[in-house]
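Top to bottom, those sequences are chains A and B. In terms of the working numbering, the first sequence opens at residue 936 and continues consecutively. In terms of the working numbering, the second sequence opens at residue 30 and continues consecutively.
Bear in mind the hints are in silico, worked out from the structure with no lab data behind them. Any given hint could turn out to be false.
Unchecked claim - Derived, one-sided and incomplete: chain B residues facing chain A with beta-carbon distance under 10 Å:
#1 G60
#2 T62
#3 T250
#4 Q307
#5 M310
Cβ coordinates follow ideal geometry from the N, Cα and C atoms, glycine included.
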Amino acid sequence: MDKKTIQVKSLFRPAIIVPAAVVLVLCLLPQFIKGYPLHTLTLIILYAALGSAWNWLGGFAGQASLAHAVFFGLGAYINSMLQVHFEVNPWVAMLVAMAGVGIISILVGLPVFRLSGPYFSIATIAIGEVVKIIFINWKATGGAVGMYLPIRESSLLNFQFNDKAPYYYIILAFYFVAVSITYWLKNSRSGYYFRAIKEDPQAAKALGINIVQSKLLAMVLSGMMCAMVGSFYVNFTLYIDPDNVFRFMTSVQIALIAVLGGVGSVWGPLIGSVIILLLSEGSRAYLGGIGAGLDFVIYGLMIMLIAIFQPNGIIGAVENYRKKKRLKKRQMQEATDAAKEVGDHGAA
Amino acid sequence: MFVQVFMGGVLLGFIYVLISLGLTLIYGVMGITNFANGDFLSLAMYAALVFNVQMNLDPLVSLPLVVLLLAAFGALAYQLLIKHVLKASNMAQIFVTFGMMIFLRGIMQFAFTANYQMVENPLVSGTLNLFGASLSKPQVVAAAGALIATIIIYLFISKTKTGWALQAVSENRDAASLMGIHAQKMYMLAWIIGGACVGVAGSLMAEYSYIYPEVGAPFGTIAIIVVALGGFGSVPGAFISGLLIGLVEVVGGFYFEPAYKYLLVFGLYFVFVVLRPQGIMGKRRA
């Protein structure tokens, strides 16, 4: 085989072909899908981006946060407050929101990272509740009623459109940013640090890894990404209230999407988001009318079944399957080699 | 006035202690946090309501039946769900109980609608004067009942052989199984006790509280905070922190802004646990 065929062959590896196909399909979908399905698709990509951000902290660094809705909601709130009270351009407001949430995540991270395991997760629940209570009672943010964004002319600069498709492409671009960061983390020194901390914090420390610094980096990246998506969300819905963005179940859903897809994987959150949103939106659309609550019954049931039968997530299951196949192949190879050897020996 | 508010805090605290007991036992023996605990409580309250509407039983009378039902439900949850994630990752274990939480809320909303309902003509009502404080009678009964149930559970754990076995599994699972203790049986026992505790609490609360599908949700969250503040797996820790949180909630809510009472509770937890990560009575885990 000459060098050229090897190069061509390596370009057509599944590791490149599959993501390229996914990207292409995601970009072309609005050509075929309109109206409510496109709205759902936008939410799927939105949650995939949030799930990816969770994955950096929860999947790579092993800090299972149950407060990611806080970063998301704070991003949305900072963005809309700047727009409503100071008439700041939405994109500028987004950058400010990301910077603000980045700083907040350091302030939150410093004390919380002293805790580990369930103590960490429960402390994040407490943070989520505290933030929600503050925003429900804070007059400047409209309290429990929430706030509306001013309607502007449809343009990219105003972050408002008459059509749904531009929103979809914006969140898709944001999601690709998240995917790129995940790729970078998977192969960078920082990413290895994160995983070392997850596997064995003591050993990581002994190797000279600055644990708090690494965890803070994961937290800040994750928080800023959520703030970016939150900024998108409020410009997409033009309305925000505390119960909407700070709901505990939103935090749970973000973590669930990442875990269901596959902890620490690049494309897992997208798979998780497709499944979870189709489940929750689908059961709401088809069962919501029959009897209130039945949609939650199905949704809850599916979560329990997935946690029991597919605890490593979909990507984990696929990898296990491939590993088994490879192992079987190797065993077959070894068996034939051994048989051959015996045969050679016999012949000699 | 202070006595009045203080007593209110203590009454609420005893309920919190009882609801947290099962949670801390389950965590102690198997390291799983039951996020559906609050929804078990809602279920118990609905069970009391059904007995009241269908058979005209007062929640205080149907209490043993509700306790049996909830204990059976705890066993069922263990057998059908928890048993299958014993060896799974922490996240899978958490998500099973999240799934159960969403599932139960859905079932209750479907079966009983989202409307607020109440037990009609409860056996105990009105107010009572105690140490110069005017307290709601059903709440005093509930707190007393919760205290009695807590003492019974505590005695069971510390004085009976089965209770010792439970503690042994909690201390060291492998050593306990070498001593011939069947760990899985103890796991199930913890879930049965957990169900029974919420069964008692739910019956007592059904006497005076509105009942709706999410009624138990805030109690579930508070109970998790109580357990984490007291130290995971510690019964005395849950007792102290349950009382403390009840007091902070009621006294703080009275002297500051009622809207901010949970802010004080979560703030207290947050500050405390950052300074002392293992909680009041918890053991330091590496």
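Interface hint check: M310 (chain B), Cβ to nearest Cβ on chain A, cutoff 10 Å. Holds or violated? Constraint on M310 (chain B) not satisfied, violated at 14 Å.
Take the shortest C-beta to C-beta distance between Q307 (chain B) and chain A; is it under 10 Å? This hint holds: Q307 (chain B) lies near chain A, its Cβ roughly 8 Å from the closest one there, short of 10 Å.
With a cut-off of 10 Å on the beta carbons, see whether T62 (chain B) makes it to chain A. 6 Å, holds
Close enough to count: is the Cβ of T250 (chain B) nearer than 10 Å to one in chain A? At 7 Å from the nearest chain A Cβ, T250 (chain B) passes the 10 Å test, so the hint holds.
Identify whether the interface hint at G60 (chain B) stands, where standing means a beta carbon of chain A within less than 10 Å of its own. Where the cut-off is 10 Å and the nearest Cβ of chain A is about 8 Å from G60 (chain B), the hint holds.
The structure fails hint 5 only (numbered hints given earlier).
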